[in-house]
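Novice: Okay, here's what each chain looks like letter by letter:
4 protein chains.
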Amino acid sequence: MNKIPVGILGATGMVGQMYVSLLANHPWFEVTYAAASPRSAGKKYAQAVTGRWHVDGSAAGKNGGGNAGGIGELIVEDANDVSKAVDAHKAGRCTFVFSALEMGKDEIRALEEAYAAAGIPVVSNASAHRWTPDVAMLIAEVNHHHTGLIPIQRKNRGWDKGFIVVKPNCSIQSYTTPLWALMQKGYEIKRLIVSTMQAVSGAGYPGVPSWDIIDNLVPYIGGEEEKSEMEPLKIFGSINNDGVLENAAEPKISAHCNRVPVSDGHTACVSLEFGTKKPSIDEVKKIWSEFKSLPQEEHFPTAPERPIIVREEADRPQPRKDRDADKAMAVIVGRIRPCTIFDLRFVGLSHNTIRGAAGGGILSAELLKHKGFI
Amino acid sequence: MNKIPVGILGATGMVGQMYVSLLANHPWFEVTYAAASPRSAGKKYAQAVTGRWHVDGSAAGKNGGGNAGGIGELIVEDANDVSKAVDAHKAGRCTFVFSALEMGKDEIRALEEAYAAAGIPVVSNASAHRWTPDVAMLIAEVNHHHTGLIPIQRKNRGWDKGFIVVKPNCSIQSYTTPLWALMQKGYEIKRLIVSTMQAVSGAGYPGVPSWDIIDNLVPYIGGEEEKSEMEPLKIFGSINNDGVLENAAEPKISAHCNRVPVSDGHTACVSLEFGTKKPSIDEVKKIWSEFKSLPQEEHFPTAPERPIIVREEADRPQPRKDRDADKAMAVIVGRIRPCTIFDLRFVGLSHNTIRGAAGGGILSAELLKHKGFI
Amino acid sequence: MNKIPVGILGATGMVGQMYVSLLANHPWFEVTYAAASPRSAGKKYAQAVTGRWHVDGSAAGKNGGGNAGGIGELIVEDANDVSKAVDAHKAGRCTFVFSALEMGKDEIRALEEAYAAAGIPVVSNASAHRWTPDVAMLIAEVNHHHTGLIPIQRKNRGWDKGFIVVKPNCSIQSYTTPLWALMQKGYEIKRLIVSTMQAVSGAGYPGVPSWDIIDNLVPYIGGEEEKSEMEPLKIFGSINNDGVLENAAEPKISAHCNRVPVSDGHTACVSLEFGTKKPSIDEVKKIWSEFKSLPQEEHFPTAPERPIIVREEADRPQPRKDRDADKAMAVIVGRIRPCTIFDLRFVGLSHNTIRGAAGGGILSAELLKHKGFI
Amino acid sequence: MNKIPVGILGATGMVGQMYVSLLANHPWFEVTYAAASPRSAGKKYAQAVTGRWHVDGSAAGKNGGGNAGGIGELIVEDANDVSKAVDAHKAGRCTFVFSALEMGKDEIRALEEAYAAAGIPVVSNASAHRWTPDVAMLIAEVNHHHTGLIPIQRKNRGWDKGFIVVKPNCSIQSYTTPLWALMQKGYEIKRLIVSTMQAVSGAGYPGVPSWDIIDNLVPYIGGEEEKSEMEPLKIFGSINNDGVLENAAEPKISAHCNRVPVSDGHTACVSLEFGTKKPSIDEVKKIWSEFKSLPQEEHFPTAPERPIIVREEADRPQPRKDRDADKAMAVIVGRIRPCTIFDLRFVGLSHNTIRGAAGGGILSAELLKHKGFI
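Chains as they are written, first to last, in this note's numbering: chain A, 342 to 715; chain B, 342 to 715; chain C, 342 to 715; chain D, 342 to 715.
Take every hint as true, because none was put in to throw you off.
No copy is singled out in the list; a pair is fine if it fits within one copy or between any two copies.
When the alpha-carbon atoms are kept at most 30 Å apart in a straight line, the in silico DSSO-like pairs for lysine-lysine are as follows:
#1 LYS575 / LYS618
#2 LYS385 / LYS626
#3 LYS626 / LYS568
#4 LYS384 / LYS627
#5 LYS568 / LYS531
#6 LYS568 / LYS712
#7 LYS385 / LYS668
#8 LYS385 / LYS627
#9 LYS618 / LYS526
#10 LYS626 / LYS384
#11 LYS568 / LYS593
#12 LYS710 / LYS526
#13 LYS496 / LYS710
#14 LYS710 / LYS344
Keep in mind the hints are simulated off the structure, nothing from the lab.
Sequences and hints are given; from them, build the entire structure.
Specialist: Okay, structure coming up:
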C-alpha cells in the first residue's frame, strides 16, 4: 500500500526528532513534510539538525548506518507559514501533521487551530489544547471513543476536514492505563496519592542543567502536579448526549512530582483507594496482564502487544532496564501489593519520550486512520 | 576537661569510619578503642582500613591533612572478644562503645548484650535491638525522655552499669522530627503516605552495584518499608506506670521506598492527615522553624542549631545542595503545601550517614552524658 | 538450515546472560546447553537467574515479551562436570561452547582445556588463555588469519576436534581495529598513548560499588593498563614458518585506564605516532570509513556493516548515544585531528559487553564456522 | 585589623556566588560592593539570586544557618557602570574587584580595562585578558613573581593605581603546579600528553544539559584543548630585562579534554617526558610532598598547607572523595609511576570552581596584598 504522507511541525526539536526517528520505517506513514522555526526554514533537514541531534545515532539515519527515508534531504519549511503546508497538502505531500511545536502556549494554540482550519488534521504533543473542551486528549488504549469529539469539534469550529487531537502529559502515562483497566472491570477508584520520579528528557532540551541533577534530585517540576491531578479526569470522561465531554469526578489525585538523574523513563509510586468493591491482589494482576484494547485487537503497528506488562520480581520495574519493553510502548508495573492506608500500592513505569510523547502520538494517528479520520 | 574515652565496634566498616571521622575533633569524646572482625584484629587501624577507606579524605585524617587524634595508630581488637573491651574499660580507655557492627542480626543482638552485661554502655547503629521492648530507639530531639528505659532495662537484665540504646532506621529521619514538632503543638497526625528517594550510602559498602543505579532507580529496598511504617510508633510511644514503653497508635503509615542515584541524603515526599485540629500552612512553617528541643537548649556539641530548616524556594530541599546543612545534622523541609486528599504535603531531607547514622549516634551519646548515664 | 546447537559455560553470570540475550534469534546458532556453578546446577535456567537477571528486559525473553527460544526451560548443568557437556555433545546438543566462566584464572585455564580435550571447541571470553602461545586472541576483522593456530594447537596438545580461542580485553576494542586498518594501508604505528574512560559493566556484576562512582570516577582498574599495552601486540602478530605466533614489536603503548559513571561503552582518547610514512587526516578518515574485512565480505550475521563508523561532529562519539550503533558491534571514531606531539589524535568508542564481550565472541564463532572449524 | 572592602563584578553568576560564599568569613577581605547585569541592578543581592542560587546552602548564608556578612542586603549595581564602583571606591567601600563577568570576551576586556583605568585593581576569573602581554596570569604558588608585570602594565597604560591580573583556565590546575615543582628542582620537562576528565561546573550554569551527561560523557570542550596547550607556557615564562614576559618554550603539550558526569573536580591523566636529567619515582614523590611556595611560607589565609598532596593508594585521587582536600585548594596527585613511552605518568585532581576559579582568585588577591599592590 502507498504510505500516508505526513508532516511534522517542530521537526528539529527533541520531540520532533523522536517523531523522525520512530517514523523512519513506519508501515503506514512516511514523513514528507517538515516545518520548524524560521531559523531552520530553507535548510535541508539533515543540515538543520547538525550539531543538535539529540536522539541516538545520527540525523542521517539511526545509528549512522543508513538514511531515514530521505527525510535528511527534505527542505525545512517555516512552521508559522501554514500556506506552505496547505500547498504540500494539496500536492499530496502532507495529509496530516504531528505537532511538536515549542513556543508559547497561546501561539501554539492559535497555530494548531490555523492548520486545522486549513483542512490539515493536527495530532499534537503540546499541552496548549489539552483543556480545550472539544479537543480529545487521547491515550489510544483508554479513551479511543473520545475521537467522537472530532465531528463535534469540526461542527463547533466550522471546519471541514481539519481537527485537533492532543496527548496528555508524560507524567501520568505510567498509571493511567492501569487505572483504566481496573475501572473497566467495574472497580471504582476513589482516590490516589502518587509520587513520581521523572526522567530529564521530560524537560526537553537543553532542559535540566546537569549541575542540578548529578548526585541530586529536584523535588519539583513546574505545573506538573496540577496536570497530573487533572488530566486523568478528562481522559476518563464521557461524551454526553449534547456532545459535550464531561470530566470524570474521580479519582481524586494528589501528586508529588520529582526530577531524578535518569535519562528516559518516568516511574510512579501509587497508593490508591477503591470504592466498595475491591479486587484482590491476584485479581489486579490478572486484569492488568490480560488487558487489551482497540490498538491490540486491531493490531495497530505501534501498539504494544500488551499495554501493561506485570513484573513479579521484587525490584522491578526499573527505568534503564524496562523502559524499552515492547518498543518502549508498554506500561510496566510491579510491586503490586496492599496499601496499609488505602487499598493498593504499585509502581508504574513508562518511556516518557516514546510512549509518553512521539510514540503515543503515532499510536493516536494510527487510531485516527483506523477510524477513518485521516 | 578530660575527654571521655570511647570505643567503636565495627570500626573499620563504612559507618565505623564515619564515627572515626566525625569524632576526630569532638569536644567531649575521644576514640581510644577500636574493634572489628578477626580479619582486622591485631592491625593498626590505619593499616586495617588501607584500600577500603570510604569516607572523604584519607584514613590518616580527613583530607589527608593531619592525623585523626592518633586513631590511626590504635591496634584494632576483635569485636567478638568482649574481654578486650572490658580490659580497656578497666584501664580507663573505653567508657562506652558505639556499635557499628556488621554481622547477622542475632549475633549483633547477643554481642551487644554481652558488652552491656559486662558493664559497657552500647550506643548502637544496628537494627538488632530496635524492637527489644526495654531498649530505647532514640532521636535526641524527639524522645530524649525514653532514656527513662535505661534503669528499667538494667533492672530487667540485672545489669549494673551497662545498657543498650539504638537509633532508628535512616529512612524515617527526614520526617519523624517534623511530625513530632507538630504533635508537640497539639496537632494529632492520623495517617501519612510517604515515598522516599534514598541514597546509595544507606546500603553500606559495597552496597548497591553501580550497574543497578546508573541512569536508573530501584523501587524497592528490602525491609525498609516495614521499618518505616513501624519505627515511628515506638519513637512516639510513652513509658507507662509499669515502666513499659507503649507504642503510639498513630500515625498509620504507608511507605514506598526507592533507591536513587544519589550518594548521600534521603528525601521523602509526605502526604499527611491531621486529626480534627488542623494547622494552617503558615502555622506549620512557624512550628517547624521555631522547633527546638533538649539538644538545642543544652547546646550539645553535635546538635544542629535548628533541628528543622524550612526552605521557601519552590525546588528545595535537594540532596547534594542541602544535605550538609548545619553539620549535616538538620532536617531540611520544603514544598510545604496543602494536600488535595489529606491535609498537608511536604518534602523532607536528611543526611543518612550523618544525621541518620553516626552523627545521630553521637548526639544520642551526648544526650546520655547530659543525663548522667555515661 | 538446522541451527548449530551451542552451549554456554557460566551461563548465569552477566556475560553469560548477554550471550543468551544476543543468541535468542541468531540465524546459525541455538543455545541448547547451559552450565554454571554447582549452586545453579539442576535448576531451570529461568529459575537460576531469578532475581539476578542483569540484562534489559526479563529472563523469560528480552523485554518480557516472549521467551528466549526455550532457553528458560533448559536445565542448568554443573560447568565443572565436563562429562555432562560430552554427553550433550554426543547427543547433538552441544557442538561447541562459549565460555563466560567466572572463577580463578588457573581453574578457568584447566577447565577450558578439559572441554577442548574432550572434543568440544571453546570460544572464550575469559582472560585465562590470552597469553597461551598457541591460543589465538581474535578480533574477527583484524586477525582472522590467526585461526591458523588451531591446527597447531590441536597438534601441540594431541586434541582431535576440540580447541580454544579467546577474545581480547574489552578496553582495547575501541582503537585496535582502527589501528589495524591504518597498518593494512602501509602506515606503520610506532607509539601511542591512550587514556580510557570505561563503563562499569566492564567490571561484571556486582562490580563497581555505586558509592565509588556516583559524582565520581576511579583513575585505576587493576591489571587493565598492562593488558592494554600488551594484547594488541599479540593480535597484530604473525604466525611464522614454524607455526609459532610472533608478537608484533610495535606499537609501543602507554595506557591510562579510568572507570567512569557510564553503564555501557568504553571510550578511548588516543595520541599516536606513525613511522616515516604519515597519512593526512583526510586519508585517515577515508581508510576508516572504507575499511571492511572478512566478516563484512562474507556477511557474517553479527558483523557490523561497517566495522568503523567515522563521526564528523565535533562532540562525538558519546557512549550513551553511539554505543548501540550497528547492533552495538561497530567501533565509532571521532575528533580525528593532528596531535601536537605525535601525529594523530582521535576518540574511539565501542560497546564493551557486546562488541567487547559476548557479541565479539559470537562473531568469532561465526568466523570459525565460516572457516570450517565448527 | 580592619578588613579590606572588596567588590565582585558578576556577583550573581555561578563564580560570583562562589566568591560570595568563600569570602563570607575571610580574615582580610569583606564583600561590600556587588555588581551584575542591568537585570539585577537595583535589587538587594539576596533578592537578585533568588531562584538561582547554585552553591550549597542558601543565599542568605551557607547552609541556611546565618547570613553572609550582610552581603544579602547589598544593593546590586550595574557592572557596566564603572562610575558606581568609582563612587564606592572613593567612599572606601571597594578597594579592588574580583571579576566574574559573564559576557562577550571583547566586552569583558574593555570593561575590565575601564575599571583598572579608573583606579580599581581587577583580579579576573575571565579568559579575556589571559593573552594580553602585560597581564599576569597567576597561580600564586607558581608564578608569584609575575606580579612584576603590574608596574610595567601601569606604565604601558598610563594607569596610576589600577591594574589587571587574571587566573588561568581551570583545566590545567591539576598538573601545572606539579610540573612547576619538578622544574624548580632542575628537571626540564620536554613534552606531555594529558587527557582530562572535567566536571560539569566548569561549564558554568546552566552549562551542560543533563541529557548530554547522564550515563554518558562528551569527548570535547570547545577551546579547552588550545588553552590547555598554551597557558602553561605563559605561566612558566620569565620577565626579561625589557620588562616583557617571554613565554616558556617547553613543555610541548597535547591535550584531550573530556566532560564527565562529575559535579566538581577536574581530573587529569598525564604522561610526560623529562630532559636529560630524570628524577626517580621516589624523587618525584618527595619533591611534590615537600613542595611549598610563597603562599605557604607567608601563611596566606586561603593557601593550602601543602599545595600538592601525594596519595599512595592505587585508586586515588577521585573527584568526589578528594576534591575538598585542604579547603579545596590543594592539588591531589596519585598513581605516580613510570611511563612506558615517556618518563612519568600520574593523575592530578583539583577543585575547578574553588582552586580553579574563585578560591584561586582570592589567593591571588592575598598575594597582591602581601606584595603591597592592594
